[in-house]
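With chain A's structure known, arrange chain B with the ligands on it following the hints.
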Amino acid sequence: MAAEFVIEGLKATIEGKEILKGFNLQMKGGEVHAIMGPNGTGKSTLASSLMGHPKYEVTEGTVTLEGQDVLEMSVDERARAGLFLAMQYPSEIAGVTNSDFLRSALNARREEGSEISLIKFIRQMESKMKDLEMNPEFMHRYLNEGFSGGEKKRNEILQMMLLEPKIVILDEIDSGLDIDALRVVAQGVNAMRSEDRGFLVITHYQRLLNYIKPDFVHIMMQGRIVKSGGPELAERLEADGYEWVKEELGIEDEVVGQEV
Amino acid sequence: MTTQTILPVDAGRLSELSLRSGEPEWLKESRLKALELAAELELPKLEKTRIDRWNINQYGSYKESAAIAALNEAPSSIAALVGSSEEGSLIIQRNSGAVYTRLAPELAEQGVIFTDLHTAVKNHGELVRRYLHTAVKPEEHKVAALHAALWNGGVFLYIPKNVVVDTPVQAIFLTDDAEASFAPHILIVADSNSSVTYVDNYVSGKSEAGLHNGAVEVFACAGAKVRYATVHQFGADTTDVTYRRAIVENDGAVEWIVGEMNDGDTASDTKSVLKGNGASSDAKVIAVGSGSQKLNYTTQAQHFGKNTPSNMITRAVMRENATSIINGITKIEKGATRADGQQTEKVLMLSPKARGDANPILLIDEDDVTAGHAASVGQVNPEQIYYLMSRGISRSDAEKLVIYGFLAPVVSQIPLEGLRNQLKSLVERKLGQ
Ligand SMILES: Nc1ncnc2c1ncn2[C@@H]1O[C@H](COP(=O)(O)OP(=O)(O)OP(=O)(O)O)[C@@H](O)[C@H]1O
Ligand SMILES: [Mg+2]
Numbered sequence: 001m002a003a004e005f006v007i008e009g010l011k012a013t014i015e016g017k018e019i020l021k022g023f024n025l026q027m028k029g030g031e032v033h034a035i036m037g038p039n040g041t042g043k044s045t046l047a048s049s050l051m052g053h054p055k056y057e058v059t060e061g062t063v064t065l066e067g068q069d070v071l072e073m074s075v076d077e078r079a080r081a082g083l084f085l086a087m088q089y090p091s092e093i094a095g096v097t098n099s100d101f102l103r104s105a106l107n108a109r110r111e112e113g114s115e116i117s118l119i120k121f122i123r124q125m126e127s128k129m130k131d132l133e134m135n136p137e138f139m140h141r142y143l144n145e146g147f148s149g150g151e152k153k154r155n156e157i158l159q160m161m162l163l164e165p166k167i168v169i170l171d172e173i174d175s176g177l178d179i180d181a182l183r184v185v186a187q188g189v190n191a192m193r194s195e196d197r198g199f200l201v202i203t204h205y206q207r208l209l210n211y212i213k214p215d216f217v218h219i220m221m222q223g224r225i226v227k228s229g230g231p232e233l234a235e236r237l238e239a240d241g242y243e244w245v246k247e248e249l250g251i252e253d254e255v256v257g258q259e260v
Numbered sequence: 001m002t003t004q005t006i007l008p009v010d011a012g013r014l015s016e017l018s019l020r021s022g023e024p025e026w027l028k029e030s031r032l033k034a035l036e037l038a039a040e041l042e043l044p045k046l047e048k049t050r051i052d053r054w055n056i057n058q059y060g061s062y063k064e065s066a067a068i069a070a071l072n073e074a075p076s077s078i079a080a081l082v083g084s085s086e087e088g089s090l091i092i093q094r095n096s097g098a099v100y101t102r103l104a105p106e107l108a109e110q111g112v113i114f115t116d117l118h119t120a121v122k123n124h125g126e127l128v129r130r131y132l133h134t135a136v137k138p139e140e141h142k143v144a145a146l147h148a149a150l151w152n153g154g155v156f157l158y159i160p161k162n163v164v165v166d167t168p169v170q171a172i173f174l175t176d177d178a179e180a181s182f183a184p185h186i187l188i189v190a191d192s193n194s195s196v197t198y199v200d201n202y203v204s205g206k207s208e209a210g211l212h213n214g215a216v217e218v219f220a221c222a223g224a225k226v227r228y229a230t231v232h233q234f235g236a237d238t239t240d241v242t243y244r245r246a247i248v249e250n251d252g253a254v255e256w257i258v259g260e261m262n263d264g265d266t267a268s269d270t271k272s273v274l275k276g277n278g279a280s281s282d283a284k285v286i287a288v289g290s291g292s293q294k295l296n297y298t299t300q301a302q303h304f305g306k307n308t309p310s311n312m313i314t315r316a317v318m319r320e321n322a323t324s325i326i327n328g329i330t331k332i333e334k335g336a337t338r339a340d341g342q343q344t345e346k347v348l349m350l351s352p353k354a355r356g357d358a359n360p361i362l363l364i365d366e367d368d369v370t371a372g373h374a375a376s377v378g379q380v381n382p383e384q385i386y387y388l389m390s391r392g393i394s395r396s397d398a399e400k401l402v403i404y405g406f407l408a409p410v411v412s413q414i415p416l417e418g419l420r421n422q423l424k425s426l427v428e429r430k431l432g433q
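Just so you know, the sequences run in chain order A and B. Residue 118 in UniProt numbering is what sits at position 118 of the first sequence, and the numbering runs on without skipping anything. Residue 432 in UniProt numbering is what sits at position 432 of the second sequence, and the numbering runs on without skipping anything.
Every clue listed holds true.
Result set (SDA-like, lysine to any residue): computed pairs, CA atoms no more than 25 angstroms apart in a straight line:
#1 55/A x 380/B
#2 400/B x 140/A
#3 400/B x 162/A
#4 55/A x 396/B
#5 166/A x 67/A
#6 424/B x 119/A
Away from chain B, derived, C-beta distances all over 12 angstroms, residues of chain A:
#7 192
#8 211
#9 213
#10 230
#11 251
These are calculated hints, taken from the structure and not from any lab test. Where a beta carbon is used, it is the ideal one built from N, C-alpha and C, also for glycine.
This is chain A alone, in the form it adopts within the complex:
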């Protein structure tokens, strides 16, 4: 069944500051939506609020995944319902190996007593790591600890590939990646594109969208989408920047949550 992900009138605050100011978006399985926007306009806040980060408080709006109320769910329930966020800044966790972590994540989706066998798990993990051109030693490294920026991003994609979510949010998956890594990561994402999986790709650069072709491009300013279009919109931004958008819409200050 094609996943349907609907965000309506979403408002969210952090430490009392309102950052999301009525965000609307509808996504279906098979679609790739790109979100672009200047720094500090609320893109990561959107991603964190959707995933349920405890620091962000949703004050208004609804989010549904296949008709289920996402905002009612705890973070782990959201993940098990099919939501995945590749984070802009993934946590480092000393003492927990990448493979122990991934196995716990996979088993969390299974009934007690039907845990994935170790052999099967290792085989799956090894094959995905090969696709992502990751050194097998990363299996035994502590989770993200001492990983380079690019290695962390690859590790996020590895998790996505193993967990097979329905809605994937990629928050600046391209930042810190060299050209080869960008290609590898994009291939990983493209391999996962399917009719029953939707992608929300947050990025600053057209370059990523050359690899991961979006169906829709949205521009975010002041905590909401201010303009939407097709792939050509991203190309225009790459060429001309954001000034014309601000002029067209009469926006002076695009960021949100600033003290006045």
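Same frame as chain A, now just chain B with the ligands:
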């Protein structure tokens, strides 16, 4: 003097007891002298810990323990620990005395001595006398003095020159009679260039208040290597006060692995004295506190010899209302050139009512040395929990992963697989209550 009223035993009874069990005159004198000291000395001064308010006077009195003929007669409380040790070397002490002793024949052939300390006093009196109470001295404080006066059972392990013992030598200490005194004394002497691993377990099987007043003395002679691993898992009603000391000669090495898994109040002090040049020490302490436990863990390294490295690591997890004071003391004496003293103490607190306090202390009287310390006390990081949960892992499993992850870098360094697994399951038990 009013010793009778403040001490758990009087001189007359102690002397009678010593004679009755056939102890030589020197030992009787040693006990009586220690008893006199006990009357004069103060309790040990523990950092931020009022040990005088603990239940530390339940000494009980000496009681004979009936020996067991075979391991399958061992009390059920230690059956799991005894496991399949038929082939190895094992001493079991129940309350005041040894009930089972086995030394693997191949070790006996090489001249290894492994008996309870009473038997050792009878059969190897001069050897025991040369070392007994010279590392943990009765003069230190009242608890050490009382131990020296009242010790019972215990272990004497002697490894002759150049003998390398590959399989761990083991002991189990069980207290399950609140009226019986329980103060085992462990004495290990590793002669020049010998090597041994000794592992012991401390267990209680009773619900009345009791005390374990224990002392461990390790002597690593020139070039000898001693690995001492100990797991304390006394129940809530047993107060545990344990002093461990190692004296390390030229190029000798001592390695401490300590699992503090008690449910009762615990004070332990583990110290290596690096006397000879090139002597080294490594200490790893893993602790989990729960309930309303009061805990005070100290590790110490004292450097006299040149080129002496020491490393001390303590990692403690505190849940519920547990309180822990964790001290690390690196002391480098004048003349100990090129000594290297490192220590790390880390406490992870799982509840707002848990307390942890890490006190790293470096006392350095020599210029040509390296030394370092790191200490941290913190809560579980909510960002980490969020990250793990965002992959579908439940909150409680995420917390478990982070807690095991906190201990893992130390546990994974423990070179004995059986012990590693035992510690993992004890940690699980303490966290799961
Ligand atoms: N934890 C926080 N505490 C205080 N302010 C915050 C916090 N997180 C975000 N903000 C503020 O919210 C606003 C939006 O931040 P957000 O990270 O969502 O922007 P972004 O669009 O992802 O920017 P970038 O492109 O730089 O990643 C910023 O002004 C930021 O400072
Ligand atoms: Mg961002």
